[in-house]
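Engineer: So you can see what is in the structure, the chains are spelled out below.
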Amino acid sequence: MAQRIAALGFCMCCCLAAQPVAAALDTGAVRVEPSEIRAGIFYHGAQVTVTFEAPADSRIAVVLEGARKTVELKEKKKLFGLLWMNAGEIRFENLPTVYKVATGAPRGGGAVEQAELLMAVGYPALEQDAGIAEETDQNDFREYLKLKEREHLYGIMPDRISVSEEGEGSIRGEVVFELPAKASAGRYSIRLFAVENDRVHQLAEGGVTVRQVGAAAFISHLAENHGLAYGVLAAVFAVLIGLLTGVVFGLGGKGGH
Amino acid sequence: MHFFIYLPVAGNAVNIVLLIGLGGLVGFMSGLFGVGGGFLMTPLLIMIGIPPTVAAASDSNQIVAASSSGMYAHARAGSVDFKMGVLLLFGGVAGGSVGVLLIKLLRALGNADFVITLTYVVMLGGIGSYMFFESLGSLRGSLRRGRSSGQPSRYARLVEALPWKVAFERSRVRLSVLMPLGLGVMVGVLAAIMGVGGGFIMVPVMVYLLRMPMHVVVGTSLFQILFTCINVTILQAKVNHTVDFVLALLLLIGSVIGAQIGARLSTRLQADQLKILMAIIVLVVTVKMLLGLLLAPDVLVAYAGGH
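The listed protein sequences correspond, in order, to chains A and B. Note that our numbering numbers the first sequence so that position 51 is 51, with each residue one more than the last. Note that our numbering numbers the second sequence so that position 290 is 547, with each residue one more than the last.
Just chain A, with the same shape it has in the complex (with noise of 0.2 Å):
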């Protein structure tokens, strides 16, 4: 009877092998709470909690990624053999604004899959859309990984994905992504990818908004459209409650010399 129900398992594994992955799963797979980020004024970043289903014998990876931009940085050099200085500027085409991968392997092993999953998701497919080629870029492209790293926009973060429930052939895992308050409005993509027959493929997509709301909304809005007016009321608020402070300890105190 077990060596039954072993070689019906074989089968299955081998004809849920031979589809392509994204047929075993249906987009509807991944699924992340909240779907929306209300960045009030005293928002200091949100937890995104992505679950969803892959194969069971498959390396995993979710990625986060925030809107792609051309980046404009500052190279320092040691000048005269002895000052740091900014000695140059740097522009990468393309970069997003946040880039987290999590991966995991629900059934352990897989160290070559795990290189392969981050050739195809990790820095090194951002530098290769970034079209850095030459050494000196690279080295560039090292330093702002540094950067971003530091603000927590971007990280690697290996085995972080947990299994929380295991089905025949398919796993339900759960990864947490800690999203700062850097992170800027707008909208995430938040993607599964899974190795099979030493290929990557891309299983399913979903996504987080990060909207301003209320007040933060109000002087965001105010001071991107009407940076005139809202520098004048900015500057005359300024002198009031100076002003205001200066007669409040004036009545209070003698009043100079």
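In case anyone wonders, no lab produced these hints; they're calculated from the structure. As the structure is a computational prediction, the values presented were derived from the model and not from experiment. Some hints here could point you the wrong way.
Listed below are several chain B residues computed to face chain A (Cβ distance under 7 Å; list not exhaustive) [said to hold, decoys possible]: (1) V266; (2) A270; (3) F371; (4) H498; (5) F502; (6) A559.
From chain B, some residues computed to sit far from chain A (all C-beta separations above 10 Å) [what the hints assert, rightly or not]: (7) V357; (8) G383; (9) L393; (10) Y412; (11) R414; (12) V416; (13) L438; (14) I538.
Ideal placement from N, C-alpha and C gives every residue a C-beta, glycine not left out.
Let chain A serve as the given structure and place chain B on it in line with the hints.
Structural biologist: Frame of chain A; chain B shown alone:
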């Protein structure tokens, strides 16, 4: 219970208590020495995660509040020379415009950052050292007071030879209007190159070149800084959209209180005590800048857009 607030223009959340504390510290210095404090506040804000452009612009906004609070206290005490302040302000605005053009030219030639940093270190180091040793000598009583017994210096003869002399009653000096205008231009050029309000250059200029009494220097410097920073705040908001009023508001809550305490303390300290304290702060900032230049940074890139 958390004490974080989201800064909508800076796009980051920062601890409220930390911001009010920073504002208080810099406002205290502003009221005590008559400096805006931008040379200290902007780097501190960048350190806590505020983008450089937003840090510089929002700092100007909070300096408006701190300097109006401090200036009000000094005006009540009769220690603001408005006539001198207006002339310095006109010169400063003209000099600032020249400085901005100069920076454009330097950037086109390359190595503008090197010139800016070198100007910073030389100016801060020179002013700080001179003030320190002069005040130290004065406090020890070893400094010769006045030169009435000897020949007037070349500088004194030059000042004397200039036309259009006007009496500045509050400062108890009689000078050519060209002096505050010309020195205002010089400070404006330097302030624009260094990307700061210029208070810490203006104060020594008033003390040593315009020979104004220290208590009038502080109030008059705050008057000049107030208008300079109003102009900067409006321009930054209009052109670059980088003024974060929430950030400025929290900083100014601390700074207006700090400025009042500083202004009160400044009237209780002797001029030489004030000068030596300011010299020490300027020298500390110089040493910090020098260390920043000599020690290898942890990350060899930074976001473009700062000074």
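Engineer: Hints first: check each against the structure and report whether it holds.
Structural biologist: Hints and how they fare:
1. V266: Holds - the Cβ of B:V266 comes within 7 Å of chain A, reaching about 5 Å at its closest.
2. A270: Holds: closest Cβ of chain A sits about 3 Å from B:A270, inside 7 Å.
3. F371: With a minimum Cβ separation of about 6 Å from chain A (threshold 7 Å), the hint on B:F371 holds.
4. H498: holds, 5 Å
5. F502: holds, 5 Å
6. A559: holds, 5 Å
7. V357: holds, 18 Å
8. G383: Given a closest Cβ separation of 18 Å, the condition holds.
9. L393: Answer for B:L393: holds, closest chain A Cβ roughly 25 Å.
10. Y412: holds, 30 Å
11. R414: Non-interface label stands for B:R414: nearest chain A Cβ at 34 Å, farther than 10 Å.
12. V416: Holds, since 28 Å exceeds 10 Å.
13. L438: holds, 25 Å
14. I538: Correct as stated: the minimum Cβ-Cβ distance to chain A is 22 Å, above 10 Å.
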